[in-house]
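Protein chains in written order, with numbering that gives the first Met the number 0: chain G, 0 to 191; chain X, 0 to 191.
Heads up, the list lumps identical chains together, so a pair's fine if it works in one copy or across two of them.
Once the Cα atoms are required to be at most 20 Å apart in a straight line, the calculated PhoX-like pairs of lysine-lysine come out as: (1) Lys110 with Lys20; (2) Lys20 with Lys111; (3) Lys137 with Lys102; (4) Lys111 with Lys9; (5) Lys48 with Lys115; (6) Lys48 with Lys136; (7) Lys102 with Lys80; (8) Lys100 with Lys80; (9) Lys137 with Lys162; (10) Lys9 with Lys35; (11) Lys100 with Lys159; (12) Lys110 with Lys136.
Since the hints were made in silico from the structure, they are not lab data.
Number of protein chains: 2
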Amino acid sequence: MRLLEERILKDGTVLEGDILKVDSFLNHQLDFSLLKKLGERLYEIYGDKGVTKILTIEASGIAVACGAAEYFNVPIVFAKKAGHKNIGDDLYTAEVFSYTKGKSSVITVSKKYISKDDVILIVDDFLANGQAVLGLKKIIDEAGATLAGVGIAIEKGFQKGGKELRDAGISVSSMAVIDSMSEGKIVFGESV
Amino acid sequence: MRLLEERILKDGTVLEGDILKVDSFLNHQLDFSLLKKLGERLYEIYGDKGVTKILTIEASGIAVACGAAEYFNVPIVFAKKAGHKNIGDDLYTAEVFSYTKGKSSVITVSKKYISKDDVILIVDDFLANGQAVLGLKKIIDEAGATLAGVGIAIEKGFQKGGKELRDAGISVSSMAVIDSMSEGKIVFGESV
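Could you build the full structure based on these sequences and the hints that come with them?
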């Protein structure tokens, strides 16, 4: 998606360790008009799949999910990271290793909000090693729900997540795929 | 706002300790169409104040902010809770005590995203003791920016936050104000 690629080139910063900092529009400051464009594109791809819920993980994923909900008109469910009170006992859980934070965490979704009748679109801001999506996929599987596909803002194509998910037969649609960013130069691969 | 009050009565659950559980539409599962209605109402109130940024705190606040950004068409900035890498060094910080979690945490906003020229609308899902809003207000003051007002989905009117903020001359607009919820019965006060 050219619009997102252009924005990454304009406002993104490459830091050491293959970190792409896009906190001016995606991870700290949010450009919701851009996120709606991503949502519109996701609706072009998955709008006929009978999606009943959009599933993501707090925090940045929530904004991407809102952009998608604008078009899908279905509820969003965001998985919570550990440490919340008041979420109840009847939970789906999955362990997710974050390479950014260097540790595992447990994500939880209340069993009330995903059922076997749901057709689910997973969305997230980044796809790198695929741990977050695999955690959400595990929860969907436990619920007996159907995964319609995975919509990602920025995929790090040089990391393993996208390939592993696609090899497992999952439809992954990334709005921008970064094939490399060595020496600060961002090279895009094919995206939707 | 009758629409939100009705939704609270329909889907909210009162738990012991004056906890209102609204995770079917505001805190875990999200009804974005409802959040846009809240945003539209906030725009009626603050649309002529020259708002340049919407400021909130992760995680649930982000969805409320997206609903408002739909109408204000300005960037959202969400304050991060401690523990994030990659946010940089040049930060505004504030300490926020969460009664729900029973502990203090530090929230941070990059200095890049709030300047003295900004006119800021704070939004959040809940207002109870006002700690989160006071933390955000401290950050706005440090930046030398202007606070246009505070837009809240649900205010616990029987807790001190709303009164303290209004007594300090801050414009607080809550879409639903709960005056009491003893014995599970929710009584609403005056809201916008």
